[in-house]
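Engineer: In the order they appear, the protein sequences are chains A and B. For the first sequence, the numbering used here begins at 1 and goes up steadily by one. For the second sequence, the numbering used here begins at 151 and goes up steadily by one.
Hints are computed from structural coordinates only; laboratory data are not their basis. Each statement offered as a hint is correct.
Part of the chain B face toward chain A, derived, beta carbon under 7 Å:
{"no.": "1", "residue": "R292"}
{"no.": "2", "residue": "S375"}
{"no.": "3", "residue": "T393"}
Just so you know, these numbers come straight off a predicted model, no measurement behind them. The beta carbon of each residue, even a glycine, is placed where N, CA and C say it ideally should be.
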Amino acid sequence: MSKNTVTARFRRVDVDEYDENKFVDEEDGGENQLGPDEGEVDSLIRQGNLMEALHAVLKNPPINTKNQNIKDRAEGLVLKVLSAFKSSDIEKGVQSLDRNGVDLLMKYIYKGFERPSENSSAVLLQWHEKALAAGGVGSIVRVLTARKTV
Amino acid sequence: MSLCSFGVEPLSCHAWNKDRTQIALSPNNNIVNIFEKKGKEWVKIHELTEHTERITGIDWAPESNRIVTCASDRNAYVWSLKDEVWKPTLVLVRINRAATCVKWSPLENKFALGSGARLISVCYFEEENDWWLSKHIKKPLRSTILSLDWHPNNILLAAGSADFSCRVFSAYIKDIEDKPGPTAWGTKMPFGELMLEHKDSDGCGWVHSVSFSASGDQLAWVAHSSISVADAAKGKEVTHLTTDYLPLLSVLFVGPTEIVAAGHDCCPFQYTYKGPGALEFVKKLDMPKQSSKTTTSAMQHFRNLDKKATEEDSTKLDTLHQNSITQLCIVSGDKAKVEKYSSVGLDGAMVIWEFKQWGRDVELPALDSGTDCGEFEDDSFLSVQGKLGSF
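Excised from the complex, chain B in its bound form (with noise of 0.2 Å):
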């Protein structure tokens, strides 16, 4: 696993071009940079500034090569690269509030867009204006959208919401595709469709994520104290399971049966699911570091339980993240058999993790410090910990 320090702001969002040389990430303001990976560090190649406000998403679509962005200023952009320049298209969204996430189809001919005006926004490419057009999904949405992830068969899309549910709706869009195929949700698939929807009744709070599986049978999602699966193979059934930790901020399928989420506790974990019912927390996937004290004088000591009533001059955290996580995603190998995925956080740190398909324990060695990329490798162990200066 790597870890790279973009600065000190975090990081609202980020998302990977196709061959994953290239990372497009905003440093919680208006502007998204895209940097490209040159030799070990990442050196800024572009500057999208187009947004007034706060911007809440980005994603990359690998094949057609295009970036949305969404922000608090109510407005969307399609950029597209045109002489070695990002050139911004306005979408017409129509929302009057600010937009929460968006995320490119499997097919990347439309995107969905969550919003806090309680509605989620399908925008397709009409060519006869040359513009882009949208449709809404309203009812029964009661508030902010948090998360939004497609379906693979492009039609159906799982959403979200600060309203304690999480809900499957369809996204079909008659103008642009054709008419699809019954799938394990349901047959019946018209725009705006509710093909599920659950809501936690003993107050789980917000659902913040939503994954669907690789197959699409599945759908994971996870709300302040618990992750919950529904499977449509098995009659949409609901399992659920409450977390002992701090609330999880994202959740991703990374094979068919692991699920990995991440959160305010600064580090991911390993959950799988093997059916209804069975829905398990397997382990930590970031092991603490071996920290070797350096040796402190007696006054030092006497100066820290005076000052600080602790022996400890630490204030950093066991985790690789030094706070929360906010999103992960797909780095290398598709949600059936993810090999790396990424995370960044409020730290302003982004980290690429290796998933160990099969929980082989690897030895970690200590982080050194410095503002560049650090790489582990599985079976070197190096000793010494360097301390951050203090901020």
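Chain A extracted, bound-state conformation (with noise of 0.2 Å):
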């Protein structure tokens, strides 16, 4: 009769890596990359310039960089200046970005609904809600297809 190997490790053994036609991402230089000035969007909150503030911290986005706390930073930060904005001035500051703010925001929206804290949810439904009128059903499908993410 046959026998049973004696070990099963080999089933663990993941084939794909070792194929040499796998698809790779590229690696673009990310090094660079710090994600929105802290300094300069704090000022901004603080003087109530919420507008900017909202531009400034747009700026610069981390996506290629693999430093995950430069990620988690730009994530904090953004949603900072989201829970500052009030809910009145919300569509006005979506109508102020362009195509490709609108996808940028909507990137950082669902990277907040990754990891809800208190309050942040309720904020980030709002502005979830003016930014899919202002960007449409497609923004969302680019931040599901996005290789590169916030």
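Relying on the hints, combine the two individually framed chains into one complex.
Structural biologist: This is the structure we're talking about:
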């Protein structure tokens, strides 16, 4: 009768790793991306100039970097700015962004949904509604299909 | 435009015969049904059953009257009509994954087959041994081929793939054809030569569908959230347009500058391309019906509010198709000037659309509930909408 192999560790080998023709993402130089400038954004929030703060925080998105800390810091900063807005001003804020800005904002919103804190989801949902009106379903599709995300 | 319902199963793919009296389609299983138009009805005249798995592609060669089918069972068959019966011939495609799409070349002496095995199989008939042989294009494909389209010169082949790139290859087969002359895409074209490769850097997703223009100088493709055109006449420059809609699944050049694309939004869209940097959305080609709301009793009204939190009782979509459109196909005219094109979708319906090159707005009558075809005339306007029964 056949004898079972003693060890079954070979079953845990990931064969696809050793495939030469495997698809690999391009490794773009992402080391220089540091995310939005914290000092600048904080000072703008304190001044009450929320539109400028929104534009500033959407600059320099840490898309290509592999450093998770930079990404987390950027997300926290964006959340701060979004929470500082008054509900009635959200729509104006979204209107002031261009196409790429709306896509980027959507990416941050969904990133924020991933790790909800006390009040973040409510704020994010309000922003989501306005951003959806501006960007359409296409902006959400782009969040889902982007290989390099914030 | 007219709609025909072929049941409730999604239609995976379809192909027309030369004079558009017969249509071959597959209702999401391993059988190809050929329907013939008798008067206003479509009657099933043939059933092609050779495949063992779901059929993924059908193409009907108009001149030589041969059908090629491919399926998830890693096989492709070429069918010829002998004595009113379709006889299959196996093609040796040598793939170890499912076939995804198949297209006859313009001269019908070969066809290309895309597969999940990350390669394109270009198949031609060898007279000596009386069988179909294949040659593979492997490099630099990195993932499943999702769609193919031939250039009018019978040599170049465009392929959209799941590795986010759209490519143009040369499929020149020495044994069966003469050396091709130079085109705007390049001059040296040995088999498998890559003439264009374009990868969307900001992640626009898989390339679902590709289409050459009538002259072959422009290539349009749709990805998850964008539509793009590469122009060989202008230095292979690529123009990109991100869309606000759900992903488009199929694209077709219908004129020298007009493109129609359709997808999960269940409605064909028209785009226009006038040159590099000038790719624009024109309009939706399916105008929503004017529906007259039948009067509901007060009880119905409150019952709806209570149960479904809505006053509407209808779950029907406004568009003709009730589910995503998966494939577009030319019915009359050629790519330089399409007059009619057809679309099939996941709702089991096939719709023939008329393309008005000069964009005249048309008033649509409502669709009446029935499973047979409804013809819509341009100027009549029926205002009563029947409701389909709930499923």
